[in-house]
Amino acid sequence: MSEVLEERAESIRMIRDSAGAVAPRGGDSKRVRGLRFVAPGFDKRVFAQMGEFGWIGLAVEEAAGGAGLGMSEAIALTEELAGGLAPEPLIPAMLSARLLAGADDQALLGPLLAGQQVVLTAWQERADTLAAPGNADAPRVFIPQAGGADVFLLPVREGAGLALYAVPAAGADAILEKTMDGGYFGTLRADLARGKRIAADIGAVLDDALDEAALMTAGAMVGLMERAFDMTLSYLKTRQQFGRIIGTFQSLQHRAADLKIHLSLTRAAVEAAAAALDGGAAGDARKAAVSKAKARAGESGLMVLRQCIQLHGGIGYTDEYDVGLYLRRGMVIANQFGSAALHRRRFMALAPEDAE
Amino acid sequence: MIEARESQDLNRLEDEAFRLHVRQWIEGNYPAELRNPPKRLHWDENKPWYFKLAEKGWLCPGWPREFGGLGLSPAKQIIFTEEIERHGCARTNDHGIVMVGPLLINHGTREQQQFFLPKILSGEHIWCQGYSEPNAGSDLAALRTEAVLDGDHYVVNGQKIWTTLAMDANWCFLLVRTDKNAKKQEGISFLLVDMTSPGITVKPIINLEYHDEFCEVFFDNVRVPAANLVGTPNRGWDMAKALLSFERIYLGSPRLSAYAFSRLKQLAERMGVWEDAVFQDTYAKLRLDLEDLKSLYGVFVDKVRRGETLGPDVSMLKVFQTELFQRITDTMLEICGENAGLLDPMEGNRNLNPTGLYIQARPSTIYGGSNEIQRNIISKNVLALPG
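Top line first, the protein sequences correspond to chains A and B.
Take the first sequence: its position 301, counting from 1, is numbered 301 in my numbering, and each next residue is one higher.
Take the second sequence: its position 61, counting from 1, is numbered 1061 in my numbering, and each next residue is one higher.
Just so you know, the hints here were simulated from the structure itself, not pulled from any lab data.
Source: prediction; values computed, not measured.
Note that beta-carbon positions come from the ideal geometry of N, C-alpha and C, so glycine has one too.
Heads up, a few of these hints could be off.
Here are the in silico distance ranges between beta carbons for each label pair [to be verified]: (1) B:L1244 <-> A:A63: 23 to 31 Å; (2) B:L1013 <-> A:M303: 42 to 50 Å; (3) A:G313 <-> B:N1381: 19 to 27 Å; (4) A:G313 <-> B:R1306: 39 to 47 Å; (5) A:M303 <-> B:N1349: 33 to 41 Å; (6) A:R13 <-> B:N1011: 25 to 33 Å; (7) A:A39 <-> B:G1298: 43 to 51 Å; (8) B:A1017 <-> A:I245: 53 to 61 Å; (9) A:E7 <-> B:L1034: 40 to 48 Å; (10) A:Q250 <-> B:K1180: 25 to 33 Å; (11) A:I245 <-> B:A1141: 20 to 28 Å; (12) A:G26 <-> B:P1118: 55 to 63 Å; (13) A:A63 <-> B:G1298: 31 to 39 Å.
Start from the sequences, fold in the hints, and give me the full structure.
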């Protein structure tokens, strides 16, 4: 392996190891269960810890106070954290950090990178989109873990540019809805007069940052799939019926083999996309790479998680058993930053066909 | 010991320069009428290409240079194969090149190497593989073709089946049982058999493509010199398994799916369904499956490139590739309408024969270890599920 590749592999290993501080491999689900449906749905102290580890600024350039790492590291991190079901809104915070770095707003960026302030971006105006039209009056929807925000960022269309406003969360009109995994989505009707305009045109940065968030979400899906599948394999190797370990039944073995194939395909697609972005892919090629990964993650992700329930039988349908937590989290992130259908459509529109 | 005909060490070229070098030579030398042949070619058809490669010294890219190969690094071999596939070159009668050569280089005696290897390089010996039997298909180790020592000869009796292009071959590398009392994997040996020996009968099998690619081969008291045994008696199974592992990454290469997919678009345009929303949705899913297969293939190719040995997880590629190939051709049939029932719906357009491709896709999930066997391998050797 070349020196550059080895350094990269080493930095990814370190990120994975460090994630264990929040989402230890083999750890139990006590912390995660305790946070379910208890506003704001996550632990602000853990969020602060994520800042201390440098995760929120992982992909922010060093000059702006970030770690200057790439997508290959970012997906390794989101994979590990999702494997431990961490409910903290790290990906939305990383998106906000990219915007604040783009806006060069150190006053907001500093505390966010340190994990002292939760800054969430209210960019979305409808379901299943990657476009931020920036209508000033439109309610902003599906803001993950909005109840814990200190500041909301709002892209607002002003002439040719997409301006960025920062609005304090305290006193804002935000309605929370419970999500399948015990967290919250917020709908924000923002009063821009209470906020501050911090950038004149954030459009290009937001475009890139949304793609990065989509890819990191695909990475999180890999983490859910991997851990739920591990759990399922252990079950197949211990559960007995008809006097035999059920993992000896060929129908179950073959199904497990198929799930492994989908897991490997998803990982390959996500890691290839991260490598493409880190290698400088731009424009349509960048978007196509992300869409290819997110389409796979959305589709194969839920398929694998559903099958993990099925392979567990009745116990998989109980709330007490952890495998269900993975399906419920999967339902929340599968369509976040674009459903499989949206990304298939976008891939077909943007990816050049091989010449034959 | 055998002169390499390619005088320069191609490993010294930069990857891209090497790729271009190979590409230009293939384009200048490959017979145009043999690009993307719809069927496996017989020796009579593909020997001009075999001899071109032999003459250039490029027949055996993976063999060490001292045995007359190109001695290419794993990374360069991948590029070489990619260029061969990209141009749609026919597979030659390559069992001598990919199976017998490596077998003898690793396990053969000096005499066996000196006798057989030059004759593969010259095209004098064309090999076939005597593995499967009527009652030893997926369960290959159950094979019963027997070889009994009689003085300095083995006497072989039994039957092989699915022997690819046996009618073209003058030599066969044969798995035989030499100890009936041992555990089934432990009584198997490797024999090299002259196909012109008395007592051998070859019967072609007509397959669903109406093609005679496979044969049955019968052995009736065939005398084989004991010196033609490779390696140690009763220790042939491990060598046979090692040779099969080569097949799995080859069978996982996206080339068949990619080829079929390119034809799917042509067919859809011709059938007037290209703009149809339902078709477009199916097409998009297949395309992403193909793209992700390429990503996963890349993971394994990178391992080969780094010189790592591939593990049993390479079976995943074979399963996904072959089933994707089938799904693409399933879609072809679906958009064909009643043309799906025609023997040659595109009237001799050799580059677009959907019903032919549909039939060709069928055995891909059976040969090279059926997909059911591949799933057994994944569940036992990758996922460690109990037996």
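Hint-by-hint comparison with the structure:
1. B:L1244 <-> A:A63: 23 to 31 Å: violated, 54 Å
2. B:L1013 <-> A:M303: 42 to 50 Å: holds, 44 Å
3. A:G313 <-> B:N1381: 19 to 27 Å: holds, 26 Å
4. A:G313 <-> B:R1306: 39 to 47 Å: holds, 42 Å
5. A:M303 <-> B:N1349: 33 to 41 Å: At 38 Å between Cβs, range holds.
6. A:R13 <-> B:N1011: 25 to 33 Å: holds, 31 Å
7. A:A39 <-> B:G1298: 43 to 51 Å: Holds: the Cβ-Cβ distance is about 45 Å, inside 43 to 51 Å.
8. B:A1017 <-> A:I245: 53 to 61 Å: holds, 55 Å
9. A:E7 <-> B:L1034: 40 to 48 Å: Check passed, 46 Å falls within 40 to 48 Å.
10. A:Q250 <-> B:K1180: 25 to 33 Å: holds, 29 Å
11. A:I245 <-> B:A1141: 20 to 28 Å: holds, 25 Å
12. A:G26 <-> B:P1118: 55 to 63 Å: Holds, since A:G26 and B:P1118 (Cβ atoms, about 58 Å apart) stay within the stated range.
13. A:A63 <-> B:G1298: 31 to 39 Å: holds, 33 Å
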